[in-house]
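If you want the building blocks of each chain, they are given just below.
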Amino acid sequence: MSEAGATKKFLYINRKAPYGTIYAWESLEVVLIGAAFEQDVSLLFMDDGVYQLIKGMDTKGIGMKNFSATYSALGDYDVNKIYVDKDALAERGLTLEDLQHLVWEDENEDWAEKDSIRLVSRDEIAGLLEEQDVIFNF
Amino acid sequence: MLHIVNKSPFTTTSLESCLRVSKPGATILLIEDGVYGALDGSRVSDAVRAALADRTVCVLGVDAAARGVEGKVLDGIDVVDYDGFVDLVAANDGVQSWL
Amino acid sequence: MKFGIMVNEGPYTHQASDSAYFFTKAALDKGHEIFRVFFYHDGVQNGTDFTTPPQDDRNVVKRWSELAQEHDLDLVLCVAAAQRRGLVDEDEQKRHGKDGHNVAPGFRISGLGQLIEAGIQADRLVVFGD
Numbered sequence: 000m001s002e003a004g005a006t007k008k009f010l011y012i013n014r015k016a017p018y019g020t021i022y023a024w025e026s027l028e029v030v031l032i033g034a035a036f037e038q039d040v041s042l043l044f045m046d047d048g049v050y051q052l053i054k055g056m057d058t059k060g061i062g063m064k065n066f067s068a069t070y071s072a073l074g075d076y077d078v079n080k081i082y083v084d085k086d087a088l089a090e091r092g093l094t095l096e097d098l099q100h101l102v103w104e105d106e107n108e109d110w111a112e113k114d115s116i117r118l119v120s121r122d123e124i125a126g127l128l129e130e131q132d133v134i135f136n137f
Numbered sequence: 000m001l002h003i004v005n006k007s008p009f010t011t012t013s014l015e016s017c018l019r020v021s022k023p024g025a026t027i028l029l030i031e032d033g034v035y036g037a038l039d040g041s042r043v044s045d046a047v048r049a050a051l052a053d054r055t056v057c058v059l060g061v062d063a064a065a066r067g068v069e070g071k072v073l074d075g076i077d078v079v080d081y082d083g084f085v086d087l088v089a090a091n092d093g094v095q096s097w098l
Numbered sequence: 000m001k002f003g004i005m006v007n008e009g010p011y012t013h014q015a016s017d018s019a020y021f022f023t024k025a026a027l028d029k030g031h032e033i034f035r036v037f038f039y040h041d042g043v044q045n046g047t048d049f050t051t052p053p054q055d056d057r058n059v060v061k062r063w064s065e066l067a068q069e070h071d072l073d074l075v076l077c078v079a080a081a082q083r084r085g086l087v088d089e090d091e092q093k094r095h096g097k098d099g100h101n102v103a104p105g106f107r108i109s110g111l112g113q114l115i116e117a118g119i120q121a122d123r124l125v126v127f128g129d
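Chains D, C and X, in that order, give the protein sequences.
Residues in the first sequence are numbered from 0 upward in steps of one, following numbering that gives the first Met the number 0.
Residues in the second sequence are numbered from 0 upward in steps of one, following numbering that gives the first Met the number 0.
Residues in the third sequence are numbered from 0 upward in steps of one, following numbering that gives the first Met the number 0.
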């Protein structure tokens with residue numbers, strides 16, 4: 000929690016795959032706007048939401064904007080707690096290596112580059128949900 | 000914490016995910032097509048019955064009635080109306096909708 | 000208690016808007032405050048004045064408008080989502096040179112910041128969607 004008592008813990012939960020529906024993209028728009036409000040923000044990718052973070056997307060053939068790069072910009076918006084359900088990855092035959100390498104720079108440690116993605120278990124997710132003030136679902 | 004599930008468990012993983020990460024003491028409210036998860040004799044009945052051991056499970060009665068399944072709701076599941084829905088939101092610190 | 004409501008689907012295809020409406024109404028009847036109802040994704044379609052549902056069906060849009068009038072509700076359509084989906088108020092009509100405007104009474108178009116503010120100000124945020 001930061002100094003202002005008004006700071007709330009915001010969690011954005013993404014459980015849907017990209018492109019088939021607009022939820023992934025419009026969810027990112029909320030996260031980007033929300034970053035300006037300086038709340039304590041986390042993102043959680045569960046179920047098909049983990050497909051949003053796969054690297055190497057190429058949307059030219061479907062005429063849609065490729066918003067992959069936006070995820071890697073989140074660190075610049077101080078959005079650096081990106082939780083990924085490790086079971087969801089495993090049951091889809093994915094590993095961390097299949098996802099974009101998302102990083103942020105820690106100003107308290109001479110701008111050291113740190114990983115934003117944290118793989119979490121079901122128990123950790125349960126704890127994460129319980130500690131939030133506001134949960135947005137997409 | 001209040002978990003709201005509005006999807007049939009035979010179409011999406013919403014109920015499954017909710018059951019997987021909800022904590023003992025949590026309340027799960029089944030609304031809209033989520034009410035199909037509250038019924039006896041289905042593939043998911045055992046999982047829901049197991050959750051009743053340490054969590055409260057509620058179903059929005061008007062949604063179950065609209066679908067003709069109010070009489071099939073598992074024993075131990077509370078049937079609530081919209082007033083009860085509001086009370087559940089007010090009584091729980093957090094709300095998570097499993098869309 | 001102060002509630003924020005988020006509606007992520009349009010009327011008729013999904014039950015989300017109906018559920019949100021009945022929840023909002025019940026909360027108001029019980030004496031709670033609704034800080035704001037924010038319509039996002041296809042949810043902005045709940046604010047179009049151009050719907051004419053059959054007489055024997057509920058009028059989802061009008062029902063929201065009437066509830067807003069009765070309780071001085073703040074019904075906000077996300078501007079980015081609205082522009083994509085053809086929801087236009089008088090200002091937007093002028094700005095983009097459209098033939099008409101279709102935002103129903105009681106609704107207003109504004110930014111996503113209004114959703115974040117609802118999250119900050121309300122004691123509970125309840126999301127209805129698909």
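Among the hints, a few may not be true.
[To be verified] Listed below are the simulated SDA-like cross-link pairs for lysine to any residue, each with C-alpha atoms no more than 20 Å apart in a straight line:
#, chain 1, residue 1, chain 2, residue 2
1, X, Lys24, C, Val79
2, X, Lys29, C, Ser7
3, D, Lys64, X, Arg83
4, D, Lys7, X, Arg83
5, X, Lys1, C, Ser41
6, D, Lys7, X, Gly112
7, D, Lys7, X, Lys29
8, D, Lys8, D, Arg91
9, X, Lys61, X, Ile119
Hints are computed from structural coordinates only; laboratory data are not their basis.
Every value quoted in this text rests on a predicted model; they were computed, and no experiment measured them.
Tested hints:
1. X:Lys24 - C:Val79: holds, 16 Å
2. X:Lys29 - C:Ser7: violated, 30 Å
3. D:Lys64 - X:Arg83: Holds - the C-alpha atoms of Arg83 of chain X and Lys64 of chain D are around 14 Å apart, at most 20 Å.
4. D:Lys7 - X:Arg83: The hint is violated at about 30 Å.
5. X:Lys1 - C:Ser41: Answer violated: Lys1 of chain X to Ser41 of chain C is near 38 Å, above 20 Å.
6. D:Lys7 - X:Gly112: holds, 15 Å
7. D:Lys7 - X:Lys29: violated, 26 Å
8. D:Lys8 - D:Arg91: At roughly 29 Å apart (the allowed maximum being 20 Å), Arg91 of chain D and Lys8 of chain D break the hint.
9. X:Lys61 - X:Ile119: Distance of about 29 Å is beyond 20 Å: violated.
Hint compliance for this structure: hints 2, 4, 5, 7, 8 and 9 are not met, and every other hint is.
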